[in-house]
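J.: Just need the whole structure built from these sequences, with the hints factored in.
As a plain string of letters, each chain reads:
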Amino acid sequence: MYLTKEEERVYDGEYGWARQVCMKILVKLGDLFGADRLIPIDSAHISGVSYKTMGDVATEFIEAIAADANGKAAVDATINPQSFDAEYLAKKLPRELMDAQLRITRCFERMGVKLSYTCTPYYIESPHMGAHLAWAESSAVVYANSILNAWTNREGGPSALAAAIIGKTPNYGMHKAENRNPSLIVELEQPLREDVEYGALGILLGKILRDRIPLIKGVEDAPKDMLKQLGAALASTGMTNMFHYRVNQRVETLEKIMVENNDVKKTVEELNTANSKKPDLIFIGCPHCSITEIKQVATYLDGKKIANNLEVWVCTSPFIKRKTEYYVHKIEQSGAKVLAGTCAIVTWTDKLGIETIMTNSAKTAHYAPTLNKAKVILASLKECLKTAITA
Amino acid sequence: MGFELRGRGIVEGKCVAEALVSSMPISFLGDVDQKTGLVIAKTHDLYGKLLKGKVLCFPHGHGSTVGSYVLYSLAKSGLAPKAIVNERADPVIVVGAVMANIPMVDGVDITRIRTGDIVEVDAYRGVVKVIR
Numbered sequence: 001m002y003l004t005k006e007e008e009r010v011y012d013g014e015y016g017w018a019r020q021v022c023m024k025i026l027v028k029l030g031d032l033f034g035a036d037r038l039i040p041i042d043s044a045h046i047s048g049v050s051y052k053t054m055g056d057v058a059t060e061f062i063e064a065i066a067a068d069a070n071g072k073a074a075v076d077a078t079i080n081p082q083s084f085d086a087e088y089l090a091k092k093l094p095r096e097l098m099d100a101q102l103r104i105t106r107c108f109e110r111m112g113v114k115l116s117y118t119c120t121p122y123y124i125e126s127p128h129m130g131a132h133l134a135w136a137e138s139s140a141v142v143y144a145n146s147i148l149n150a151w152t153n154r155e156g157g158p159s160a161l162a163a164a165i166i167g168k169t170p171n172y173g174m175h176k177a178e179n180r181n182p183s184l185i186v187e188l189e190q191p192l193r194e195d196v197e198y199g200a201l202g203i204l205l206g207k208i209l210r211d212r213i214p215l216i217k218g219v220e221d222a223p224k225d226m227l228k229q230l231g232a233a234l235a236s237t238g239m240t241n242m243f244h245y246r247v248n249q250r251v252e253t254l255e256k257i258m259v260e261n262n263d264v265k266k267t268v269e270e271l272n273t274a275n276s277k278k279p280d281l282i283f284i285g286c287p288h289c290s291i292t293e294i295k296q297v298a299t300y301l302d303g304k305k306i307a308n309n310l311e312v313w314v315c316t317s318p319f320i321k322r323k324t325e326y327y328v329h330k331i332e333q334s335g336a337k338v339l340a341g342t343c344a345i346v347t348w349t350d351k352l353g354i355e356t357i358m359t360n361s362a363k364t365a366h367y368a369p370t371l372n373k374a375k376v377i378l379a380s381l382k383e384c385l386k387t388a389i390t391a
Numbered sequence: 001m002g003f004e005l006r007g008r009g010i011v012e013g014k015c016v017a018e019a020l021v022s023s024m025p026i027s028f029l030g031d032v033d034q035k036t037g038l039v040i041a042k043t044h045d046l047y048g049k050l051l052k053g054k055v056l057c058f059p060h061g062h063g064s065t066v067g068s069y070v071l072y073s074l075a076k077s078g079l080a081p082k083a084i085v086n087e088r089a090d091p092v093i094v095v096g097a098v099m100a101n102i103p104m105v106d107g108v109d110i111t112r113i114r115t116g117d118i119v120e121v122d123a124y125r126g127v128v129k130v131i132r
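Protein chains in written order, with the numbering used here: chain A, 1 to 391; chain B, 1 to 132.
Calculated from the structure, these hints are not laboratory results. Backbone N, C-alpha and C define an ideal beta-carbon position, used for all residues, glycine too. Hints are not guaranteed to be accurate.
[To be verified] To list a few chain A residues with every Cβ distance to chain B over 10 Å, as calculated: (1) R9; (2) M54; (3) A66; (4) D76; (5) L97; (6) H175; (7) E260; (8) K305; (9) K351; (10) L381; (11) E383.
[Said to hold, decoys possible] Capping the alpha-carbon separation at 25 Å, the derived lysine to any residue pairs in SDA-like fashion look like this: (12) A/K277 with B/T43; (13) B/K52 with B/G116; (14) B/K35 with A/T356.
T.: As structure tokens, then:
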């Protein structure tokens, strides 16, 4: 890969250890995947923020970068959710876990990144069409490429951090137009009806596709929130960075696969691991809720009370929570909590005695058995909310 | 006796160890317990297996982008595989292996390797030698 004189100096360590390590990560990726050079990026989105998923060793790496005077973000950068919110979970979790989380968040503060604490940074500022990005957080990567037509590879947490500090990313993969075309067509036997079916389709396709880009027919008019579910699930089981859903290109010669309704149903069933129908927690907001989703939840819960001994969490970014105060109030009047900047997956639900999680997110259903040691009930948003008030 | 599989060296290094082969992709976050190096996903074909000291062969990475940090943490705690062999490298695994300095090769037909085989990984040359 070609490096400018200035980039070479960074590589040789003239600007300190942090920038050198970051440059080495980018050059390694670039060399390996056939990049010709580094290209400037509009923004970076960094994963690896929750202490629960990071642990002490990775925290020390972040601390070392942040301790270096040159370990500062060179472009706009946002970060993923952290392991608690200040209003609710901070009061329920042990002090030492909070302290450990604060070690990480202080690092990002020092680096000058925006403390966005969300997996949906595109609701804060939507990237321009055709913009080059270096985003980690696999669900955001798929959303950016597929729905916003902004261009990013699926960065690992450290390579997104490296790109934030260098302000560039190697020019390969999704940054090249020729790699963004669909290579097969997915047809649906029956139209998808609700959020869990979109998620299940994602889980199913991720396993089949590996890194191939599909054109999915029959979801052209789906709400963006449904496509968000599809993409998040797709990224959980696959390494696919993108799907197409608008049928405006000549693709008739491509290989086709048909997804039968039964396959979707079976996938939903497989993700349901709970024996009991009684959840300890109902979790909405994976990925973090949009304004529309907050409104939907508020409209349903308005004037109602959630059942006793049940936790109901609606998770979103601090930004969206501030913007939807009126609706947040309605949700919280019911006894449900709107948690900002965290989610069930990145916090310690097991330490709160939560054994069964009900959710409308296939991504959560995929991760919760291992990351939360929880059993899962996967059901539509409507079903989740209905259970919230009658459980 | 044995045979050689040729691929591409990704992270330099050389080692000989027992192979642990999976036909399924791995997400180091979620599938693997960071504190023990044990595969904890019940749906995974390596469920209950320890990665430590093995030549870990799997098709490719998938899922969470935090996987790079998990791999790095495993290595720092002495729980990482000795080498990684993929059919196709993805950025999340590559970055983890680079940071952790775990020899890594991709472009190898891993279906020719069986769990328990003694394999020699030469990631300088991108060669995996199966000794039977």
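J.: Could you check that no beta carbon of chain B comes within 10 Å of the beta carbon of A/E383?
T.: With a cut-off of 10 Å, A/E383 remains clear of chain B, as the shortest Cβ separation is near 24 Å.
J.: Given the proposed pairing of B/K52 with B/G116, does the C-alpha separation stay at or below 25 Å?
T.: holds (14 Å)
J.: Is the nearest CB of chain B more than 10 Å from the CB of A/K351?
T.: holds (15 Å)
J.: May I ask you to check that A/K305 keeps its beta-carbon over 10 Å from the closest beta-carbon of chain B?
T.: About 35 Å separates A/K305 from the closest Cβ of chain B, which puts it past 10 Å; holds.
J.: Beyond 10 Å from every chain B Cβ: check whether that's true for A/R9.
T.: For A/R9, whose nearest Cβ neighbour in chain B is about 21 Å away, the distance exceeds 10 Å, so it holds.
J.: Run the distance test for A/K277 versus B/T43: straight-line Cα separation, threshold 25 Å.
T.: holds (22 Å)
J.: Confirm or reject the statement that A/H175 sits farther than 10 Å, beta carbon to beta carbon, from all of chain B.
T.: holds (12 Å)
J.: Would A/L381 pass as off the interface with chain B, using Cβ distances and a cut of 10 Å?
T.: The claim holds: A/L381 sits with its nearest Cβ about 24 Å from chain B, beyond 10 Å.
J.: Would the non-interface assignment of A/D76 survive a Cβ cutoff of 10 Å against chain B?
T.: holds (19 Å)
J.: Decide if the proposed pair is consistent with the structure: B/K35 and A/T356, CA atoms, cutoff 25 Å inclusive.
T.: holds (24 Å)
J.: Mind verifying the non-interface call on A/E260? Its CB should be farther than 10 Å from each CB in chain B.
T.: holds (21 Å)
J.: Please settle this one: A/L97 was flagged as non-interface, so is its CB more than 10 Å from every CB on chain B?
T.: At about 15 Å from chain B, A/L97 clears the 10 Å cut-off, so the statement holds.
The structure fails to meet hint 2 from the earlier list, while all remaining hints are met.
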